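K.L.:
If you read the sequences in order, they're chains W and E.
When we follow this note's numbering, the leftmost residue of the first sequence carries the number 1, and every step to the right adds one.
When we follow this note's numbering, the leftmost residue of the second sequence carries the number 1001, and every step to the right adds one.
Where hints are given, some of them may not hold.
To be verified - Here's a subset of chain E near chain W, in silico, CB distances under 8 Å, partners left out:
id: 1; residue: V1037
id: 2; residue: M1039
id: 3; residue: H1041
id: 4; residue: L1045
id: 5; residue: P1049
id: 6; residue: Y1051
id: 7; residue: R1052
id: 8; residue: R1198
id: 9; residue: A1306
id: 10; residue: G1307
id: 11; residue: L1308
Said to hold, decoys possible - Calculated from the model, a selection of chain W residues having no Cβ within reach of chain E, i.e. all distances over 12 Å:
id: 12; residue: S87
id: 13; residue: M88
id: 14; residue: K98
id: 15; residue: P135
id: 16; residue: A151
id: 17; residue: R159
id: 18; residue: R222
id: 19; residue: R241
id: 20; residue: L243
id: 21; residue: T256
id: 22; residue: R261
id: 23; residue: E287
Hint data in this document are derived by calculation from the structure and do not stem from the laboratory.
Predicted model only: the values in this text are computed from it and were never measured.
Every residue, glycine too, gets a C-beta built ideally from N, C-alpha and C.
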Amino acid sequence: MTAHLTRVKTRMSIHAHRKVRGLLEGEYASLLTGRSMDFNDLRTYVRGDDVKDIDWKASARSRSLLVKRYAAVRKHTIMVAASTGRSMAAMNDIAVPKRDLAITVAGIIGYLAVKHGDQVSLAHGHADKQWLMPPAGGELNLEKRLEAIHATTRVDGPRSDLHAVLRFVARNVRRRAILLIVSDEYAVDEELATALRRLTVQHEVLFVSIGDLDPTDAPDLRHLVDIDTGDLVPEWARNDRQLHEEFVAMTRAEATGMRRRLDSLGVVHAHVHDTESAVHAVLRLLERHRHAGRR
Amino acid sequence: MDLRWLWLGIALAVVVVIVVVAAVFWPRRAAKRPDAVLMAHAARLRRIPRYRALVRNRQWATAVRCLAVLFLLAGTIVLVSRPTSEEVNQETFSNRDILLCLDVSGSMTDYDEEIAQEFSRIAEDLEGERIGLAIWSEVAVTIFPLTDDYDFVVDQLDEAVESFDTYDYNFIAGVQIGRRKGSLIGDGLASCVDRFDRPDEERGRAIVLASDNDPQGKGVFTLQEAADYASDEDVVVYGFGTPEMDTLNPGGQRSFEEAVESTGGQLQVMGEGSLGGIVDGINQLESERSEKPPEVIVNDEPWWGAGLASAGVVLVLLAGIRRRS
Chain W
1 MTAHLTRVKT RMSIHAHRKV RGLLEGEYAS LLTGRSMDFN DLRTYVRGDD VKDIDWKASA
61 RSRSLLVKRY AAVRKHTIMV AASTGRSMAA MNDIAVPKRD LAITVAGIIG YLAVKHGDQV
121 SLAHGHADKQ WLMPPAGGEL NLEKRLEAIH ATTRVDGPRS DLHAVLRFVA RNVRRRAILL
181 IVSDEYAVDE ELATALRRLT VQHEVLFVSI GDLDPTDAPD LRHLVDIDTG DLVPEWARND
241 RQLHEEFVAM TRAEATGMRR RLDSLGVVHA HVHDTESAVH AVLRLLERHR HAGRR
Chain E
1001 MDLRWLWLGI ALAVVVVIVV VAAVFWPRRA AKRPDAVLMA HAARLRRIPR YRALVRNRQW
1061 ATAVRCLAVL FLLAGTIVLV SRPTSEEVNQ ETFSNRDILL CLDVSGSMTD YDEEIAQEFS
1121 RIAEDLEGER IGLAIWSEVA VTIFPLTDDY DFVVDQLDEA VESFDTYDYN FIAGVQIGRR
1181 KGSLIGDGLA SCVDRFDRPD EERGRAIVLA SDNDPQGKGV FTLQEAADYA SDEDVVVYGF
1241 GTPEMDTLNP GGQRSFEEAV ESTGGQLQVM GEGSLGGIVD GINQLESERS EKPPEVIVND
1301 EPWWGAGLAS AGVVLVLLAG IRRRS
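Bound-form chain W, shown alone (with noise of 0.2 Å):
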């Protein structure tokens, strides 16, 4: 039953061991200061400042008046939508799935939320269906979500669909929340932006793109078969060089592209190309919201 979570803390300690210890601590941000019993910091009074807060302690011995803050111990939802159509089914490289990535995504930031007690909850589905999973804490409820995305994705089933994912969040998801969006989108239409500009106003975004196999790259010995289509990606395709830097050029020009897209429209995103950099791409991401979150 746990299978994908521990999967999912195994790539991180590995992470962790070669980065520093407890990495993980720490990463995740807090987005309110409020009242509570947690101490968050002191800060300078300034006039309006409640005085019960002063810390009369502290600004004896700074000689200045100081204030304590406390963070809000309201709890966040993490809300991942993920994007289960049939393409995310497809492979990212010969041996994994797009679908083990991006539950890869959903499980670390799923994983360092329920560290930190918040909620985990799930929008997920294709074309034809989406579903909505309840915020709820604990492991257990994120591996039931990770199970989701997992079940969800099928060689057979409907085509990808984000749109319809998005605006299925957008009819059916009230509370404000971290919206982690996990698709395999190359490129930002027009449609897609308003979509986004309409769940920016209401979550905080973050859109982490998968990555899709390089057919130019791959191994001769089978056959390279778009999902969607049906076609044979052609013999002659698979090992010409001029094409492979073309399509490296094209990959990267696109994920610039999208990235630098997604930042006007206030969107932090993050583009995993492969399993070995899933997890410091995603912790690069939440690096960078953090960092975007205190403007």
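Mind docking chain E on chain W? Use the hints.
P.N.:
Only chain E this time, still in chain W's reference frame:
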């Protein structure tokens, strides 16, 4: 051009058309590739310039290969239909030998000139025949033997014409050996008959014998004996008599005529414009004599088919090389 095995060509063409139509209209089922790697957004490849260039290369190669197959098929169909051409081969004038056998006694020189002139003209249009010239009076002398070298023939005849015209005795030296005999028509004819070579070949042999049939002295052969000898040797003798024959030698024209006709030829008395008619007559008679039943030769004409097929092979090679490179 004739297609000898047209039915086979048509059958092959029909088979080819059926196969092509079947290949085009056969309901195409998506190939099941159970072990294929699935990928998404493969259509993005089409936006890459290099991909489009590769597609264009590919289309060229395919076009060349289609063309090659087309050529090969067309060539094969043409070859299978077996194009032939029929050639009707009627060997007529090609195997005649004509020996001009001219009496060069003094009374004959004007006529000889005329005959030589006429044959010089005719020789220019001949094909395959051989012409020889012998002159005789007391004995016969070969001016040139039977030959198909018409330039030479014309040269010699022209020279003969000139010599007759100028009464050049050097030209006719050797026909008199001093016994005061002359115009020995029997001996002349007999020695002319002996001048035909290749006795084992089936050839039309004719002698144009010009004489006034006025032998001076007694020869070894009489005219009739020589004529019999000629018929034994299968030689047709055409006689040219002079208008004065009968006045010089009463009964001469008649005996000449009889002798000539016994060989299957005819006698013509020379006069204004008579020569053309005689030559036509000789041509006519000779061609009838030597005409064989027409022979139909069927020749294969594989050039078109072989050319198309070769072009196909070349294109196949080109396509192969292109693919390698």
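K.L.:
Which numbered conditions among the earlier hints are violated in the structure presented, ordered from lowest to highest?
P.N.:
7, 8, 9, 10, 11, 12, 13, 14, 17, 18, 19, 20
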